[in-house]
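One letter stands for each residue in the lines below.
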Amino acid sequence: MVNYGGDEVSALVVDIGSSTLRAGYAGDDTPKAVIPTSYGYHTTAVDEAMDVEGSDATQKTRPIKMYIGQNGPSLWREGMEVTNPLVDGLIQDFSAIPPLIEHALVDVMRCTPSEHPILVTEPTWNTPANRERMAEIMFEEFQVPAFYIANTGVLNAFAAGRGTAMVIDVGKNMCSVTPVVDGFVLRKGLAYSALPKLVHAHARHVLTGPPPMRGIDLLPHQLIANKMPADLNAPPRFSIREDRMAGTTESWRAWAESREVDEWIHSVAGVLEQGWNDQLAASRPPKPYEFPTGYNSYFGGERLSVGEQFFYHPQALVASNPNLPKHLPALISETLRSCDAELRQVLSSNVVVTGGGTLFTGFADRLATELTRSFPHAKIHAPGNPIERRYGGWLGGSILASLGTFHQLWISKEEWQEHGKAIVGQRCK
Amino acid sequence: MASAADVRSILSLPEPSAVAGPSQPKKQAAVSTRKPEGISRELYSLIGPSAPSLVTLSKPQLKQKPNLGGGSKVKWEYRAFKNSARQDSLELRHWVKASTPADEEYPFVKYNVSSNVFTYSQDEYTRFLEDKEWSKEETDYLFQVARDYDVRWFIVHDRYDFPGGTPRTVDDLKDRYYSVCRKLVRNRPWEGDETSKSQLILTYHFDKERELTRKKYILSLENRTPEQIAEEEALFIEVKRIEQNERRFRKERDELLRTIAGIESGLPDIVEDEGLMNLAIDTKKKKRGSMAMDIDSPSTPIVPAPTPIVKRPQTAKNAAFDAANCIIRTDPPATIPVTKAAHQPAHLRSYKLPVPKAAVAPKITAALAELGISHSRLVMPTRDNIMQLEALLEATTSLVDTKRVVDKIGYDIRILKSRLGMRESQGAEGHPDAMDVDEGEVGDDGRAQSVTSARSARNRKQVRTASKLEYRY
Numbered sequence: 066m067v068n069y070g071g072d073e074v075s076a077l078v079v080d081i082g083s084s085t086l087r088a089g090y091a092g093d094d095t096p097k098a099v100i101p102t103s104y105g106y107h108t109t110a111v112d113e114a115m116d117v118e119g120s121d122a123t124q125k126t127r128p129i130k131m132y133i134g135q136n137g138p139s140l141w142r143e144g145m146e147v148t149n150p151l152v153d154g155l156i157q158d159f160s161a162i163p164p165l166i167e168h169a170l171v172d173v174m175r176c177t178p179s180e181h182p183i184l185v186t187e188p189t190w191n192t193p194a195n196r197e198r199m200a201e202i203m204f205e206e207f208q209v210p211a212f213y214i215a216n217t218g219v220l221n222a223f224a225a226g227r228g229t230a231m232v233i234d235v236g237k238n239m240c241s242v243t244p245v246v247d248g249f250v251l252r253k254g255l256a257y258s259a260l261p262k263l264v265h266a267h268a269r270h271v272l273t274g275p276p277p278m279r280g281i282d283l284l285p286h287q288l289i290a291n292k293m294p295a296d297l298n299a300p301p302r303f304s305i306r307e308d309r310m311a312g313t314t315e316s317w318r319a320w321a322e323s324r325e326v327d328e329w330i331h332s333v334a335g336v337l338e339q340g341w342n343d344q345l346a347a348s349r350p351p352k353p354y355e356f357p358t359g360y361n362s363y364f365g366g367e368r369l370s371v372g373e374q375f376f377y378h379p380q381a382l383v384a385s386n387p388n389l390p391k392h393l394p395a396l397i398s399e400t401l402r403s404c405d406a407e408l409r410q411v412l413s414s415n416v417v418v419t420g421g422g423t424l425f426t427g428f429a430d431r432l433a434t435e436l437t438r439s440f441p442h443a444k445i446h447a448p449g450n451p452i453e454r455r456y457g458g459w460l461g462g463s464i465l466a467s468l469g470t471f472h473q474l475w476i477s478k479e480e481w482q483e484h485g486k487a488i489v490g491q492r493c494k
Numbered sequence: 084m085a086s087a088a089d090v091r092s093i094l095s096l097p098e099p100s101a102v103a104g105p106s107q108p109k110k111q112a113a114v115s116t117r118k119p120e121g122i123s124r125e126l127y128s129l130i131g132p133s134a135p136s137l138v139t140l141s142k143p144q145l146k147q148k149p150n151l152g153g154g155s156k157v158k159w160e161y162r163a164f165k166n167s168a169r170q171d172s173l174e175l176r177h178w179v180k181a182s183t184p185a186d187e188e189y190p191f192v193k194y195n196v197s198s199n200v201f202t203y204s205q206d207e208y209t210r211f212l213e214d215k216e217w218s219k220e221e222t223d224y225l226f227q228v229a230r231d232y233d234v235r236w237f238i239v240h241d242r243y244d245f246p247g248g249t250p251r252t253v254d255d256l257k258d259r260y261y262s263v264c265r266k267l268v269r270n271r272p273w274e275g276d277e278t279s280k281s282q283l284i285l286t287y288h289f290d291k292e293r294e295l296t297r298k299k300y301i302l303s304l305e306n307r308t309p310e311q312i313a314e315e316e317a318l319f320i321e322v323k324r325i326e327q328n329e330r331r332f333r334k335e336r337d338e339l340l341r342t343i344a345g346i347e348s349g350l351p352d353i354v355e356d357e358g359l360m361n362l363a364i365d366t367k368k369k370k371r372g373s374m375a376m377d378i379d380s381p382s383t384p385i386v387p388a389p390t391p392i393v394k395r396p397q398t399a400k401n402a403a404f405d406a407a408n409c410i411i412r413t414d415p416p417a418t419i420p421v422t423k424a425a426h427q428p429a430h431l432r433s434y435k436l437p438v439p440k441a442a443v444a445p446k447i448t449a450a451l452a453e454l455g456i457s458h459s460r461l462v463m464p465t466r467d468n469i470m471q472l473e474a475l476l477e478a479t480t481s482l483v484d485t486k487r488v489v490d491k492i493g494y495d496i497r498i499l500k501s502r503l504g505m506r507e508s509q510g511a512e513g514h515p516d517a518m519d520v521d522e523g524e525v526g527d528d529g530r531a532q533s534v535t536s537a538r539s540a541r542n543r544k545q546v547r548t549a550s551k552l553e554y555r556y
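Chains as they are written, first to last, in this note's numbering: chain W, 66 to 494; chain C, 84 to 556.
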């Protein structure tokens, strides 16, 4: 037992990301519960809901009804709004967090949170107020015996088996480059931007933009009554569920359409491994894709231009948009520039690629090309297993919380009651 | 990780084999005649149970199978434990074997080590540690951060944020920290001896200037453009190529010299050649030696067994056959142990020309040269000729030996005579003169010896070239 350093105390690990919330037992290799972070809700009156929201977390007494989990936002309900409590990777709306966690732990995992120590993850740019709030929720609402909050950058490095690494994490909304040294994040070296959002916006523009773009209707299947097979590139023949159109909210529509875009990105979009080249892009085989409306087509160069947004922004785009998120090579060089000269070599030879966004077709190869161009000795660790890539942060937390040496770091309930919020900053360095 | 067996034992489930489901086939009724231990299955199936066993069958003594605890049940308990590395009374629960004692120390506590960072008093600070660049508050802060992050400098530097302080580099922080440590060690009363104290000071040694230059080098190494790197690599490859070319040229030249100006023409061997050849032979020897070691050492127990076969009995028939076919058998030397290395393969007789002993070789050569005989080149090295040459060499050797003894005795006689002369003249002359004479004699002799040794060295060389020539044949 002592040989491998593990000692399982049936701790739980909760990793909250922009797209999904992952929860599971420490020591497992995959999270038991993966639920979307977006949730649907009904409000009787907006102002009334705002009053009560923060005060009481239990669903029964809430005037608004929340729809959480796999059957939450993805089911069409009349008048259901959809929202996401996270903004730029940080929790903005804490009122929704307890129900989400409760759903994952109690409804999906069927366990009692008050019996288990809980490790929660946070992004590197998390604010002290946020992590203290999280500790408060855990101790006051879930009555956990012990709590710890760990950094996703560090956890991703641990999941890759490294104490020192440069972690490139591409999520749904945020893309970050974090230098980790000896299990600590170098906060001054952190670089992050909302790059995936830009990629998403570009993809949406490619699909729905007016000519020369496609101008495709991104209606989700929930709103389509029936459709006829359509020829290639022909206008689709389908009928809309008129009964639902009136009751569909703007936020649900936006959520559903962005999901259609994501689906398209996942199955069709890619990036050229060796940098952009018109001829090479033209020589790549186009890929077919059919939308819920029945419109189907082959996508050639445009599908490859989407991934290009991760690595290169044309001058015109930069000039027209001053708030453009930095692309990945810029983030990497920013991180390395702010690190000590001695560390650069170590970091560039320990690059850990993680996050669901990195599963983008051709991403790892292109990243390797970009990196070796400026750092010939760069070595990239990108797990081939997509589960490991998507849940890297959770996996690292699972490893950490099942180590025998870790159990002295838990913030216990007793300590929380004695020291208050200050203990979080002291313990979770 | 708990194995399936562990889970079974936790849940007190019976072993899977014990509850065979209905789907599993019924076990055949056990065969009444058991195969006795220590007899192989194939043999048993051949001789059957009825065959009486002549040999006493004993079970072979094999290593005992390790007991992995699979057979017996292990009881597990879900137990609360306390971690003594914690200050509070948090009790976590984990599964342990019931056999572990309840009051056992948590096994991971021993990994809770903290680095010892120096502390200093106000008095010490004012006496030794004043620095115009650093205030006491900032120094305190630095030591606190160093303690918090276990003196991991990159992290200390990252988290270092002294309100109102000037921005500091890692090297500034290290410099201050280590200088304070050094001063503290130096000025505090020290219990141990001086060497351990200076050693401790040495561990806190930090040269900021050197560190800065080192980092500058790293930066310049990093800032090379790809062209520069490519050029550097090209140059490196070029140098390697030139070196290789040169080596090849030299080898070829040596070969050429050896072929053209070789021993055939009677020219002396080339010095570089010798060196090279020695080197080559050396490496060959080494290689062969190591190979022999590798191959022979495992098989040494086998080798001695077949050697007696080599000594065939000399029957009359064999002798007749040998005489008819002019076969002469040489007995291997008895003193040398019979190994692979001592084995004499088929060889040309010219390889086995007798060579005079190295110690007396020059004298023998000189003696033979006096007689006008060249012993080093045998035109027809037949058996008889070689035997004659051997006899000749032996005779010459004994002659030379005799001469040496004669010389020695003659020399002794001369010395004794001179001593006698000295004794006789001692009455008339003084002591120092005798010393003079003595010295002069010794000096003469020494010169003579050096002359002969020079000559002999030359002779030896000649002999060597001659013998080399023989090897060529």
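Wrong hints could be hidden among the right ones.
Taking lysine to aspartate or glutamate pairs in the EDC-like style, the calculated list, with each CA pair at most 16 Å apart, reads [claimed, not checked]:
{"id": "1", "chain 1": "C", "residue 1": "K266", "chain 2": "C", "residue 2": "D244"}
{"id": "2", "chain 1": "C", "residue 1": "K435", "chain 2": "C", "residue 2": "E473"}
{"id": "3", "chain 1": "C", "residue 1": "K257", "chain 2": "C", "residue 2": "E310"}
{"id": "4", "chain 1": "W", "residue 1": "K478", "chain 2": "W", "residue 2": "D172"}
{"id": "5", "chain 1": "C", "residue 1": "K298", "chain 2": "W", "residue 2": "E407"}
{"id": "6", "chain 1": "C", "residue 1": "K257", "chain 2": "W", "residue 2": "E373"}
{"id": "7", "chain 1": "C", "residue 1": "K180", "chain 2": "W", "residue 2": "E373"}
{"id": "8", "chain 1": "W", "residue 1": "K494", "chain 2": "C", "residue 2": "D233"}
{"id": "9", "chain 1": "C", "residue 1": "K291", "chain 2": "W", "residue 2": "E205"}
{"id": "10", "chain 1": "W", "residue 1": "K97", "chain 2": "W", "residue 2": "E479"}
{"id": "11", "chain 1": "W", "residue 1": "K494", "chain 2": "C", "residue 2": "D231"}
{"id": "12", "chain 1": "C", "residue 1": "K440", "chain 2": "C", "residue 2": "D484"}
{"id": "13", "chain 1": "W", "residue 1": "K391", "chain 2": "W", "residue 2": "E407"}
{"id": "14", "chain 1": "W", "residue 1": "K97", "chain 2": "W", "residue 2": "D172"}
{"id": "15", "chain 1": "W", "residue 1": "K262", "chain 2": "W", "residue 2": "E407"}
{"id": "16", "chain 1": "W", "residue 1": "K478", "chain 2": "W", "residue 2": "D247"}
{"id": "17", "chain 1": "W", "residue 1": "K253", "chain 2": "C", "residue 2": "D223"}
{"id": "18", "chain 1": "W", "residue 1": "K262", "chain 2": "W", "residue 2": "D172"}
{"id": "19", "chain 1": "W", "residue 1": "K97", "chain 2": "W", "residue 2": "E167"}
{"id": "20", "chain 1": "C", "residue 1": "K446", "chain 2": "C", "residue 2": "D484"}
{"id": "21", "chain 1": "W", "residue 1": "K478", "chain 2": "W", "residue 2": "E206"}
{"id": "22", "chain 1": "C", "residue 1": "K257", "chain 2": "C", "residue 2": "D214"}
{"id": "23", "chain 1": "W", "residue 1": "K391", "chain 2": "W", "residue 2": "E367"}
{"id": "24", "chain 1": "C", "residue 1": "K215", "chain 2": "C", "residue 2": "D171"}
{"id": "25", "chain 1": "W", "residue 1": "K478", "chain 2": "C", "residue 2": "D214"}
{"id": "26", "chain 1": "C", "residue 1": "K257", "chain 2": "C", "residue 2": "E216"}
{"id": "27", "chain 1": "W", "residue 1": "K391", "chain 2": "W", "residue 2": "E373"}
{"id": "28", "chain 1": "W", "residue 1": "K262", "chain 2": "W", "residue 2": "E322"}
{"id": "29", "chain 1": "C", "residue 1": "K446", "chain 2": "C", "residue 2": "D495"}
{"id": "30", "chain 1": "C", "residue 1": "K165", "chain 2": "W", "residue 2": "E197"}
{"id": "31", "chain 1": "C", "residue 1": "K165", "chain 2": "W", "residue 2": "E479"}
{"id": "32", "chain 1": "C", "residue 1": "K299", "chain 2": "W", "residue 2": "E373"}
{"id": "33", "chain 1": "W", "residue 1": "K494", "chain 2": "W", "residue 2": "D247"}
{"id": "34", "chain 1": "W", "residue 1": "K478", "chain 2": "C", "residue 2": "D171"}
{"id": "35", "chain 1": "W", "residue 1": "K494", "chain 2": "C", "residue 2": "D244"}
{"id": "36", "chain 1": "C", "residue 1": "K298", "chain 2": "C", "residue 2": "D254"}
To give a feel for the contact side, a few chain W residues facing chain C, derived at Cβ under 8 Å [stated by the list, open to error]:
{"id": "37", "residue": "D72"}
{"id": "38", "residue": "E167"}
{"id": "39", "residue": "V171"}
{"id": "40", "residue": "S316"}
Hints were generated in silico from the structure; no laboratory data involved. Given the structure is predicted, the values throughout are model-derived calculations rather than measurements. Backbone N, C-alpha and C fix where the C-beta goes; we use that ideal spot for every residue, glycine too.
Verification of the supplied hints:
no.: 1; hint: C:K266 / C:D244; verdict: 25 Å, violated
no.: 2; hint: C:K435 / C:E473; verdict: 11 Å, holds
no.: 3; hint: C:K257 / C:E310; verdict: 36 Å, violated
no.: 4; hint: W:K478 / W:D172; verdict: 24 Å, violated
no.: 5; hint: C:K298 / W:E407; verdict: 7 Å, holds
no.: 6; hint: C:K257 / W:E373; verdict: 43 Å, violated
no.: 7; hint: C:K180 / W:E373; verdict: 56 Å, violated
no.: 8; hint: W:K494 / C:D233; verdict: 12 Å, holds
no.: 9; hint: C:K291 / W:E205; verdict: 50 Å, violated
no.: 10; hint: W:K97 / W:E479; verdict: 29 Å, violated
no.: 11; hint: W:K494 / C:D231; verdict: 9 Å, holds
no.: 12; hint: C:K440 / C:D484; verdict: 12 Å, holds
no.: 13; hint: W:K391 / W:E407; verdict: 25 Å, violated
no.: 14; hint: W:K97 / W:D172; verdict: 12 Å, holds
no.: 15; hint: W:K262 / W:E407; verdict: 34 Å, violated
no.: 16; hint: W:K478 / W:D247; verdict: 28 Å, violated
no.: 17; hint: W:K253 / C:D223; verdict: 22 Å, violated
no.: 18; hint: W:K262 / W:D172; verdict: 31 Å, violated
no.: 19; hint: W:K97 / W:E167; verdict: 14 Å, holds
no.: 20; hint: C:K446 / C:D484; verdict: 10 Å, holds
no.: 21; hint: W:K478 / W:E206; verdict: 12 Å, holds
no.: 22; hint: C:K257 / C:D214; verdict: 14 Å, holds
no.: 23; hint: W:K391 / W:E367; verdict: 21 Å, violated
no.: 24; hint: C:K215 / C:D171; verdict: 42 Å, violated
no.: 25; hint: W:K478 / C:D214; verdict: 44 Å, violated
no.: 26; hint: C:K257 / C:E216; verdict: 14 Å, holds
no.: 27; hint: W:K391 / W:E373; verdict: 13 Å, holds
no.: 28; hint: W:K262 / W:E322; verdict: 14 Å, holds
no.: 29; hint: C:K446 / C:D495; verdict: 21 Å, violated
no.: 30; hint: C:K165 / W:E197; verdict: 26 Å, violated
no.: 31; hint: C:K165 / W:E479; verdict: 14 Å, holds
no.: 32; hint: C:K299 / W:E373; verdict: 36 Å, violated
no.: 33; hint: W:K494 / W:D247; verdict: 12 Å, holds
no.: 34; hint: W:K478 / C:D171; verdict: 10 Å, holds
no.: 35; hint: W:K494 / C:D244; verdict: 14 Å, holds
no.: 36; hint: C:K298 / C:D254; verdict: 10 Å, holds
no.: 37; hint: D72; verdict: 6 Å, holds
no.: 38; hint: E167; verdict: 22 Å, violated
no.: 39; hint: V171; verdict: 20 Å, violated
no.: 40; hint: S316; verdict: 40 Å, violated
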